[in-house]
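Protein chains in written order, with the numbering used here: chain B, 1 to 70; chain R, 1 to 277.
Hints were generated in silico from the structure; no laboratory data involved. There's no promise every hint is true.
Listed below are several chain R residues computed to face chain B (Cβ distance under 8 Å; list not exhaustive) [unchecked claim]: (1) H2; (2) F8; (3) I9; (4) A12; (5) L15; (6) L18; (7) T23; (8) S30; (9) E36; (10) V204; (11) V238; (12) F239.
Lysine to any residue pairs mimicking SDA-like chemistry, simulated, CA-CA at most 25 Å apart [claimed, not checked]: (13) B:K46 with B:L25; (14) R:K6 with B:L25; (15) R:K6 with B:S18; (16) B:K46 with R:K6.
Per label pair, the in silico range of CB-to-CB distance [said to hold, decoys possible]: (17) B:K46 with R:S58: 21 to 27 Å; (18) B:V38 with R:E54: 34 to 40 Å; (19) R:T23 with B:D20: 37 to 43 Å; (20) B:G24 with R:A42: 48 to 54 Å; (21) R:Q38 with B:D20: 30 to 36 Å; (22) R:A42 with B:D20: 54 to 60 Å.
Heads up, the beta-carbon is just placed ideally off N, CA and C, and yes, glycines get one too.
One-letter residues, chain by chain:
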Amino acid sequence: MSQFGMQMPGGRARRGSSPDVYTGLLFLAVAALAAACVVLYMAGSKVGPEGNALGMHEAGSPVNLATQGR
Amino acid sequence: MHILSKVFIVFAAILSVLLSALTIAYAANSGRLVSEYQTSQARASSASTSLNLEQTQSAGREGVLRVQISELEGVIQGLNTQIASLQQERAGLESSLQAAQTSRDALEANIAQFRETIETQTNLIAAFRQELTTLRDNELAFRRARIQLEDRISDLESQNEVLTQTNRGLQEALSDAQTRSGSGGGSTFVPTTGRDISGRVNRVTNDSVTGRQLVEVSLGTNDGVRVGTRLTIQRPGVFVANAEVVRVELQTCVAEIRQMNNAGQPLLQNDTAVISR
């Protein structure tokens, strides 16, 4: 009946939630994490084996870094 | 909760996981690099130390080697001097060798000439020896013939003396007989001494043994012919031959031709034979 403008008890119209301050904090957190990932990826590419930021040097094998200037 | 918040939460979760992985990897790699860097520094330090030590040792060795090089340069200089002197000596020896080879060639030529001379002299000596042998044989034969002739002469002289004595006795007997018979009648004997006696060639033959010509002449011991008497055979105005009596009889004798005339005149029967004086 509400579509006819009739106010029914408990029949308040439902509305979507709006962004609040937590949404903004989450955005900042995501931005900070993205920036940290980019920076750490660039740093890890310099010290990782063959320029792989996620790779790890094997024990007992010589260290093989990425070629400088690449 | 707003949908955007939910999306942010999801992204935040994903980014946190990724960040944790990157952090773990970075931490591990950085630690490894630090340890490797320290190890490298230690190696570099030890290498530098050893390099310094090696440089010190090499400096010492370099000094020693420099001393040795200087010594060897002195030795090389001495050897060069010795080489120069040896080269001069070699040049002198080569000239001496050439001179010696030249003298050797000359000596070999002289030796060859001497050898030929020796061979020639050897041949001459052999010829002389042969000639000397022949001369000795001839001399021996000549001496034998001389001895035989001397014996023959002795015999003939003895025979001549006997005949001379006999002739003298006969002449004395003849003079006695003439004295006893007086001057009347009888033939007169004319002594043959000092007169030419001639005869005739009766026959001309050849000796079958010696091959020489023999003539039988009408002269004998009665005419004073003896063995060895030389006769001259001739024709009027022509000399034919000289002959020597080899056998004698009372009326005839046999003479052997010793010399023929050069005009080619043959011996003929009835040629005149005259006793040569």
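Hints, one by one, checked against the model:
1. H2: With a minimum Cβ separation of about 5 Å from chain B (threshold 8 Å), the hint on H2 (chain R) holds.
2. F8: holds, 4 Å
3. I9: Holds: closest Cβ of chain B sits about 6 Å from I9 (chain R), inside 8 Å.
4. A12: holds, 5 Å
5. L15: With a closest approach of 4 Å, the L15 (chain R) hint holds.
6. L18: holds, 5 Å
7. T23: holds, 6 Å
8. S30: holds, 6 Å
9. E36: holds, 5 Å
10. V204: With Cβ-Cβ at 152 Å, over 8 Å, it is violated.
11. V238: Check failed: Cβ of V238 (chain R) comes no nearer than 155 Å to chain B, outside 8 Å.
12. F239: violated, 152 Å
13. B:K46 with B:L25: At roughly 32 Å apart (the allowed maximum being 25 Å), L25 (chain B) and K46 (chain B) break the hint.
14. R:K6 with B:L25: holds, 12 Å
15. R:K6 with B:S18: Satisfied, since the Cα-Cα distance of roughly 12 Å is no more than 25 Å.
16. B:K46 with R:K6: Not satisfied, since the Cα-Cα distance of roughly 34 Å exceeds 25 Å.
17. B:K46 with R:S58: 21 to 27 Å: Violated - the Cβ-Cβ distance for K46 (chain B) and S58 (chain R), about 39 Å, lies outside 21 to 27 Å.
18. B:V38 with R:E54: 34 to 40 Å: violated, 49 Å
19. R:T23 with B:D20: 37 to 43 Å: The hint (37 to 43 Å, Cβ to Cβ) is violated, given that T23 (chain R) and D20 (chain B) are roughly 31 Å apart.
20. B:G24 with R:A42: 48 to 54 Å: holds, 53 Å
21. R:Q38 with B:D20: 30 to 36 Å: Once the Cβ atoms are compared, 52 Å apart, the range 30 to 36 Å for D20 (chain B) and Q38 (chain R) is violated.
22. R:A42 with B:D20: 54 to 60 Å: holds, 58 Å
Comparing the model with each numbered hint stated earlier shows that hints 10, 11, 12, 13, 16, 17, 18, 19 and 21 do not hold.
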